[in-house]
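Novice: Residue numbers (my numbering), protein chains in the order written: chain A, 211 to 408; chain B, 211 to 408; chain C, 211 to 408; chain D, 211 to 408; chain E, 211 to 408; chain F, 211 to 408.
In case anyone wonders, no lab produced these hints; they're calculated from the structure.
Don't take every hint at face value.
The list treats identical chains as interchangeable, and a pair is accepted whether it falls inside one copy or across any two copies.
[Stated by the list, open to error] Straight line, CA to CA, 25 Å or less: simulated SDA-like cross-link-like pairs of lysine to any residue: (1) LYS241 to ASP226; (2) LYS282 to GLU358; (3) LYS214 to ALA283; (4) LYS282 to PHE219; (5) LYS241 to ARG361; (6) LYS241 to ASN315.
There are 6 protein chains.
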Amino acid sequence: MNAKPISRFPVPELKDLPADIRERIEAVQSKTGFVPNVFLALAHRPAEWRAFVSYHDALMDKDPGGAVTLSKAEREMIVVATSGANQCQYCVVAHGAILRLRARNPLIADQVAVNYRKADITPRQRAMLDFAMQVALESHTVADADFEGLRAQGFSDEDLWDIAAIAAFFAMSNRLANVTSMRPNDEFYLLGRIAKQK
Amino acid sequence: MNAKPISRFPVPELKDLPADIRERIEAVQSKTGFVPNVFLALAHRPAEWRAFVSYHDALMDKDPGGAVTLSKAEREMIVVATSGANQCQYCVVAHGAILRLRARNPLIADQVAVNYRKADITPRQRAMLDFAMQVALESHTVADADFEGLRAQGFSDEDLWDIAAIAAFFAMSNRLANVTSMRPNDEFYLLGRIAKQK
Amino acid sequence: MNAKPISRFPVPELKDLPADIRERIEAVQSKTGFVPNVFLALAHRPAEWRAFVSYHDALMDKDPGGAVTLSKAEREMIVVATSGANQCQYCVVAHGAILRLRARNPLIADQVAVNYRKADITPRQRAMLDFAMQVALESHTVADADFEGLRAQGFSDEDLWDIAAIAAFFAMSNRLANVTSMRPNDEFYLLGRIAKQK
Amino acid sequence: MNAKPISRFPVPELKDLPADIRERIEAVQSKTGFVPNVFLALAHRPAEWRAFVSYHDALMDKDPGGAVTLSKAEREMIVVATSGANQCQYCVVAHGAILRLRARNPLIADQVAVNYRKADITPRQRAMLDFAMQVALESHTVADADFEGLRAQGFSDEDLWDIAAIAAFFAMSNRLANVTSMRPNDEFYLLGRIAKQK
Amino acid sequence: MNAKPISRFPVPELKDLPADIRERIEAVQSKTGFVPNVFLALAHRPAEWRAFVSYHDALMDKDPGGAVTLSKAEREMIVVATSGANQCQYCVVAHGAILRLRARNPLIADQVAVNYRKADITPRQRAMLDFAMQVALESHTVADADFEGLRAQGFSDEDLWDIAAIAAFFAMSNRLANVTSMRPNDEFYLLGRIAKQK
Amino acid sequence: MNAKPISRFPVPELKDLPADIRERIEAVQSKTGFVPNVFLALAHRPAEWRAFVSYHDALMDKDPGGAVTLSKAEREMIVVATSGANQCQYCVVAHGAILRLRARNPLIADQVAVNYRKADITPRQRAMLDFAMQVALESHTVADADFEGLRAQGFSDEDLWDIAAIAAFFAMSNRLANVTSMRPNDEFYLLGRIAKQK
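Work the whole structure out from these sequences, hints included.
Specialist: Encoded structure:
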């Protein structure tokens, strides 16, 4: 149990939440073993919670297939790299854990968070993160030439939408976490760091 | 009719959209007289569209009452100021129009978009926009002292959540519009500029 | 009549100004229908006023011909784009109006002010504005290669002097307007927005 | 004689210039012993030259008296500090020399150019330069509170206009020198560095 | 064993190094269980290695006492915070491990690396890191007022030298690691994360 | 003699320093004619002094030969350019003097300090300074492609280490000088400016 506040704003108790929200949170808890604090901190506003979670799932819970080539691990790389640039503690720590799990790589999250240019990634992943950082930090400069360069790396237009939309969604998410002073659960820090996790 | 593309990505036709999305768009159209391009451009991804629109409405379609003191016009000011900083053409032009209408002021949107510090606004609105810009541009620095200063200006904590969440939501929205090269409808440019609009 | 102050400094009355300045201002007034506030605000310093106005006219009141290929509308584009980057409310609003009139295009000024990269302009105009922004924001980096690239776009060296000098002149002008809190006349906001202006 | 080009653009010969310009340049030459390159480089455009020089003189050739308290040396400090920030080689070298002469101080120009915060200046001069740098680098933030703070340091409003206008004029001048690759005369480098100059 | 290169430059073998360097490295190895890559990567230049290591030790291996109040853990906090700002993967990962060990806190390093303003630190440590970041990112602004503020927090002048010198030393160190593409040993990532390390 | 303080911290007297430090300082003094203030200001911490001086000498006192092609004057160019960017008064003034002496060029130091892109240097020296500035200001972006470009200019890998290490060492040195408010000796300002120095 963590005695430190997880948000600058009031945090509802699980039992007081609308049924649909509570059920979703309990499903996460039974799978992960704990309730990630983002679910409780944002539940202060149920309507916003529902929009946030369904937007998140539409972008992150998607497997490659058809025009989509990004893996779930690659989606998490985008989150970790852009959240590092935005100095979002919650997102780097929580999604860093998810990235380690999805990539089955205990080193990758810290590498990507500090300087993705030095991370153990493929040239295609490097191009993906360069584009995600452009969207995160100077989206007003995105131009046709950027799209052409990325298509030449084998990204479909659906992939490019995904990369941009994930960077954009976490531009929002990082700001919400920074303003609410959202605290990462202690559990995230170690998750995925030890080979045989189980 | 506008011959220029409104998005870098495929734009669905209204008739091909899921019924719930089509109905919502038709409701906007019958009220406004045209379909704002954001509704069509984002409909390329129906699940994301639904989350985007319901998130937007939860933050923007809210009247003062109880702990909430922000007016709808003030919410639009936040959008215009932060979208100007992010160089988002769609959001400045479209929400500039809405701001003119909501504030019944034909000058306010251009003033806020270029330099809100010189706009015809109250000191309280100035403090609101200073905070919104901090969230938009350097949310990692938001601290207790910022909250205390804003409460001293008469903002409730619910107001502060609203200001921050609107700035955060449009951090996402600006990036989506910039990446998709979303084109503002020609109609927005003149809307609200002439006193007796009717 | 506008009750809000148009400058942080004393503003002379038209009748108290030296004859040459008064005559010039009356000529503008009879043509435009009102006295743009910049003429009154800067008249606090007559010697500087004369230098400012004659410098402005030497750069802006010039038609294409010979080695000069820039149109008057293109000169105004440079003003609007760089003034947007410098967050100069007076210059964006006033020269935005002039740009709409000169280009006979009610949309162009807002597009250029917010993000010229997304404006309805030609590739040559895009190159012109890229160079103007380089002069406005990081002139210390201008190099031979920049000149060669622009000549390849069909710009003469006289054009390049003009682009740079306009960006430089408004670097000054934007700072004067920002420091004096120069207020744009209300009339500018609507000018050139309605097709049959007359 | 200096064989290196003094401008990227054509440089007229003294004998080919309009009489008023030639006479003014010869007057400077007879006083200084050489023709500062700015006079020749800008003479490529006589009308702009006249406006530039008369604007410069209106701001820089002014002695304290009445509401004006800035000395000529202090005016040059503003030029050197802001030109250093804009990385303008011509202006730092040429006006550095003038500053040394006017202040009768061989060290002051290098100190102010590199980091005015560490220069041998008075607290009032420090406040003057802080304001000049704000005008040079972020004039959109200038506010009432800045003016009040400076008045408390004993600056009149006429002084504040002067400080701001000098910083603004050299914002233009630095950009012109950077774009034309204006070369400082070799003579400037040593001027004012040796005690008994005479 | 790690097959990835640890430096962009040639890396000497331990047996080929001068005796004093080899002995020092073996001492670290026998204490830590592995040779941190910085010792091998920098040994490409023995004279620089010796200066680097002795400078490092003079600043980092110092216990509180007399005028010195900084703990070794606090010194490592400075390294981790400034190295995060400089995006130095080696320094964040390696010194993050040392910070966890010295502070006996498995969470602190990730918190400080991403956004020290949200870390579980005391107000005095916050002031220490604010100053260290000022030295790392804009040392030209350090002024008397900064020193007075820090002394009021209980820092001695010796402490302030230490904070500044550590931030300055790692300004160098981060750049060396970034340029050489120095790779952190895999061992560092997990070090100090599990309570009963032993 | 200079009555102004040369450091914000206590400055030891020469006679009170450890013998090795005193001897080294006296050797400099007998060669140069005065004691550069950096030797006294840093001697507040003898162990750090020794590391600093030996690091400095390993990087700066090196003549071309073998894989090393950088001259001593070129090493000083790196110091002056990066110290200008870091606004370090001591380093620009002191190493500016050394650069003038080593390059036997009275103009070069001021040119490089203000804007090295406009200095009288060779294309190879320009490439050297571009790389040094990248290391000084954004070392996290240094990549393979940068190394390849520089090798194509004829730099050996040992040269590239030297350029980077000098920029890194003075990243430290500039910060130490800025924080201690280290004052350049008056003698430096004129050194090397007059042809027959002797």
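Novice: If a hint holds in the structure, say so; if it does not, say that too.
Specialist: Hints, one by one, checked against the model:
1. LYS241 to ASP226: within (21 Å within a copy, 38 Å between copies)
2. LYS282 to GLU358: within (24 Å within a copy, 34 Å between copies)
3. LYS214 to ALA283: Between copies, since 22 Å is at most 25 Å while 30 Å is not.
4. LYS282 to PHE219: Result: close only across copies, 23 Å inter versus 31 Å intra.
5. LYS241 to ARG361: neither (37 Å within a copy, 40 Å between copies)
6. LYS241 to ASN315: For LYS241 and ASN315, only the intra-copy Cα distance (20 Å) is at most 25 Å; the inter-copy one is 27 Å.
Consistency note: the structure conflicts with earlier hint 5 alone.
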